[in-house]
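Number of protein chains: 2
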Amino acid sequence: MLNVFENKYKITYNDSDFTGRLSIAKLGNFILDTAGLHAAELGISMRVLAEKKMTWVISGLHFAFFDLPETGTVVSVETEITGCTKITCKRDFHIVSEGGRRVADISSEWLVINALTRRPVFLDEVFKDFSSLVNSNCGSVEKYKHLRFLFQDGAEVLKYRVMYSDIDINAHLYSMRYLEIALNMLGAGFFKTGKILSADLNFVSEVLYNQEVEMYYEKSSPQVCRMEMRRDGKPVFRAEFQICSDKN
Amino acid sequence: MLNVFENKYKITYNDSDFTGRLSIAKLGNFILDTAGLHAAELGISMRVLAEKKMTWVISGLHFAFFDLPETGTVVSVETEITGCTKITCKRDFHIVSEGGRRVADISSEWLVINALTRRPVFLDEVFKDFSSLVNSNCGSVEKYKHLRFLFQDGAEVLKYRVMYSDIDINAHLYSMRYLEIALNMLGAGFFKTGKILSADLNFVSEVLYNQEVEMYYEKSSPQVCRMEMRRDGKPVFRAEFQICSDKN
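Residue numbers (our numbering), protein chains in the order written: chain A, 1 to 248; chain B, 1 to 248.
Chain A on its own, in the form it takes in the complex:
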């Protein structure tokens, strides 16, 4: 049983955005995949939970970005569980490119929910002695911020209906598609010259297939972009990006 788990990914053509560098949402695919592989090693996988009619869901993410590599680069994703409460598990990731350059540090928070009631379950009721999996000797990545926004009139809004290609094995909107839809609000122009320094994501509520959502977007300062996804007027997701408009 490995407390620290590592996996490598070669950045494919489609993992990059139009600038030829790893896109942030595709980096998100890498960490979720690595988390799944590590969970399988630890005996706490989605598959194990599915037999108990339960599943993992993500409640929050914090990203600190350093240098996003180009297509073809191999990146190493290292992960470990760095904390837990009765119902939450904190998992950190350190992503480094083959030359040893830091790509990103990421922290994530997870819940186990009952697949029918969609309510959280106590971790110790599902897994015996869950806290023994925590690697407490490590330097922990900062936790995500709890976000609360009050948008001004005139915030930009994008309507979106959830489609087949947006949903994951839980049949709800895939967590990295929330992020991708948020990044889309920044527009391609931003990514030509700008850079995201860090991001905090709050997953408030599940969004199901064919539901319509509205993404609200506002710049609260030249360095801070805020987004809130709503369904029937109620928030389901929030994101805050610290940006710099000149990447050099």
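Mixed in with the good hints, there may be bad ones.
Because identical chains share one entry, a pair is satisfied inside a single copy or across any pair of copies.
[What the hints assert, rightly or not] Taking lysine-lysine and the BS3-like style, the derived pairs with C-alpha atoms no more than 30 Å apart in a straight line are:
id: 1; residue 1: Lys8; residue 2: Lys159
id: 2; residue 1: Lys195; residue 2: Lys52
id: 3; residue 1: Lys53; residue 2: Lys192
id: 4; residue 1: Lys219; residue 2: Lys195
id: 5; residue 1: Lys53; residue 2: Lys10
Hint data in this document are derived by calculation from the structure and do not stem from the laboratory.
Keeping the supplied structure of chain A fixed, place chain B upon it in accordance with the hints.
Only chain B this time, still in chain A's reference frame:
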């Protein structure tokens, strides 16, 4: 210089759809990535072309599907150039899973275009003796069908605006996103019980960032689904899927 090139991919969590099996559009990512790696070996890569202010674009695809594997399976993608004309290059793919089961056979047709005029260029004017790269000893995969549709009134229509996450290094709608948007028209319900046996795709015209398209969808028989993407009323993409509604 390798006339036949092979690369392997482990199907990640995000490469699968909600059924837990490799999604067709993500299989498309694998073949495009493999094509790019092979092109680099042959000295005919996008990067080489970019220096001449040219690029590869795809004009058509034919897929024959056998058995789409589950998340975690390693698949091998084998590719070779199986034909060329003055302006087109045909590239075939054979995808097999680790146990040796056939996943899919795919053929693709490519053009080199001038990045400024967006018009095709003679292959022999760009690459010395292009036809020497053709592996003519191999059993070739069927070429894509040229599609022409006349939709009835009452065809389903989906409007879509091209966003940051949809565009590729050429800054136009990524070829596999055309496919993904087409698959979305079938709806998640179809994929629960149904199966796509084969597909033909025609890429008629580039679609750029922020352009709005309409996807038309009609079943011409219980086994055949047809889609046409239009921009300003003019076709930019067509797809035909041979389906069976019971996957077993």
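Structure-based check of each hint:
1. Lys8 <-> Lys159: Classified as neither; 36 Å inside a copy, 38 Å across copies.
2. Lys195 <-> Lys52: between (42 Å within a copy, 29 Å between copies)
3. Lys53 <-> Lys192: between (45 Å within a copy, 19 Å between copies)
4. Lys219 <-> Lys195: Answer is within: at 15 Å inside a copy they meet the 30 Å cutoff, but 44 Å across does not.
5. Lys53 <-> Lys10: Between copies, since 27 Å is at most 30 Å while 34 Å is not.
Checked against the numbered hints given earlier, this structure breaks only hint 1.
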